[in-house]
Amino acid sequence: MLIAVQIPTALRAEIGGTKQVSVEASTVRDALEQLELLHPKLYRSVCEETGAVRRHINLFVNLKLVRRGTGLNTALHPGDTLTIMPAVSGG
Amino acid sequence: MTERVILCIGTKKGLFVAEAAKARRKFNLRGPFGSGVGVNTALIDTRRTPKIYASSCNAFFGMKILVSTDLGKKFRETKAVPAFPKDDGRALANIWSLEAGVGKKEILAGVEPAALFRSNNGGDSWELVPGISNHAHAPHWQPGAGGLCLHTIVRDGDRVHLGISTGGHYLSEDGGETFKASNTGVGAGFFPDPNPEFGQCVHKIARHPDAPGRLYMQNHGGWEERPGIGVLRSDDYGHSWYSIAEGLPSDFGFPIVVHPHDPDTVFVVPLETSTRSCPDGTPAVWRSRNGGGKWKRLTKGLPRKESFFTVLRDAMTIDDLKRPALYFGTTTGQLWMGRDAGEEWSCVFDALPPIYCVKVAVV
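If you're matching them up, the sequences are chains D and Z in order. Just so we're aligned, residue 1 is where the first sequence starts under my numbering, counting upward by one. Just so we're aligned, residue 1001 is where the second sequence starts under my numbering, counting upward by one.
These are calculated hints, taken from the structure and not from any lab test. Be careful, since some hints might not be right.
[Unchecked claim] As a list, the in silico PhoX-like pairs of lysine-lysine whose alpha-carbon atoms are at most 25 Å apart:
#1 Lys1074/Z <-> Lys41/D
#2 Lys41/D <-> Lys1012/Z
#3 Lys1104/Z <-> Lys1074/Z
#4 Lys1086/Z <-> Lys41/D
#5 Lys1073/Z <-> Lys1051/Z
#6 Lys1013/Z <-> Lys41/D
#7 Lys1079/Z <-> Lys41/D
#8 Lys1012/Z <-> Lys19/D
#9 Lys41/D <-> Lys1104/Z
[Said to hold, decoys possible] Which chain Z residues face chain D? A few, computed with CB under 10 Å, are given here:
#10 Gly1062
#11 Glu1077
#12 Lys1086
#13 Asp1087
#14 Gly1301
#15 Leu1302
#16 Pro1303
#17 Leu1321
Here a beta-carbon is modelled for each residue, glycine too, at the ideal position from N, C-alpha and C.
With the rest of the complex left out, here is chain D (with noise of 0.2 Å):
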């Protein structure tokens, strides 16, 4: 199924300055596979070489934040929003 994937500002540059793009996903795993085929300059910003999600990284998918069930097998289903977001920081 085509999932909405939002893009944070600080990472817009890495495609092109778009806000949204949509891939075939049935996980959130399958998601970001799909973000490493389709837009490896994004990938790389969200994903350690090894496949983890970056520290200062969060996914959402809707409202919930996918470390907290359960992480990249959280399941997507039509019409889900997956949300990249950057956690808080300063200094």
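Knowing the structure of chain D, use the given hints to seat chain Z on it.
Just chain Z now, kept in the frame of chain D:
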């Protein structure tokens, strides 16, 4: 084209490039490039048409390498950055060192976690150097306060010296195929064994090309019970080391720099051990003109009090003009220039972000 002095200043908030005529009366500042992102290392590669490379290490989104072909007027990203194989289990955390490698094209990158990568196409692809990156000792190395980093790469033909914190000094004599820990005489104050085979917290290694057998090392000193292990010298290509710290106010510090025209002249910035800042709030560069036998304190023009900054391992350098100037950057964002190899100091920039590295070239 008239020769210009180019300074690359890596800071917590990006890379600045400063340019001046050879007289160095006024530096014009450009940047920050990679704005808002820390730059731990830069390389001014003068082997062909000069290129500037800089690491850009974003704690959120990972690493980039910036490259400029117009002396730092504009930068682009290289097509790739060093990356561990997917099944390796390690993930790149930082790029601590960029150095020119073999021939006219090779670039070497020392990274965190401690490993070495090479590129033969200007940084557009990278390969792991397994001789050190997968060394049998690697699982036993431990991170220092700055992380587990390979921060120093010194090449001399087929010899390659590496500084790892905390791993120690590793030496290759076959062009980087294999490496051996080479730490005889390099002490450690944080192990029960004062002279371990490896695991020392080396801070920086320097040498002069005309005296390749002579190396200088700023090691992690400042240990009351193991005095003098912080500032060291080797006369046998890094196979063994001995202390040259006598006469310094502290053997703790980060950078160590050799005069471009005299292998006997070496500079250090002693710091208080507990605070990593200038002793008594009074900054000074110390110079030896006889290879570490005697040291002289250089302070003319530097603040006389109330200065509690740190000079980090890559934040001091020297240009190679006939009467060279020494430069250091501080964690409080000041860039100082010491004319006549540190005899007289002036503040070039007073309010940059905290400075991580300073590199210079005359092009």
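Unsatisfied constraints (hint numbers, rising): 8, 9, 14, 15, 16 and 17
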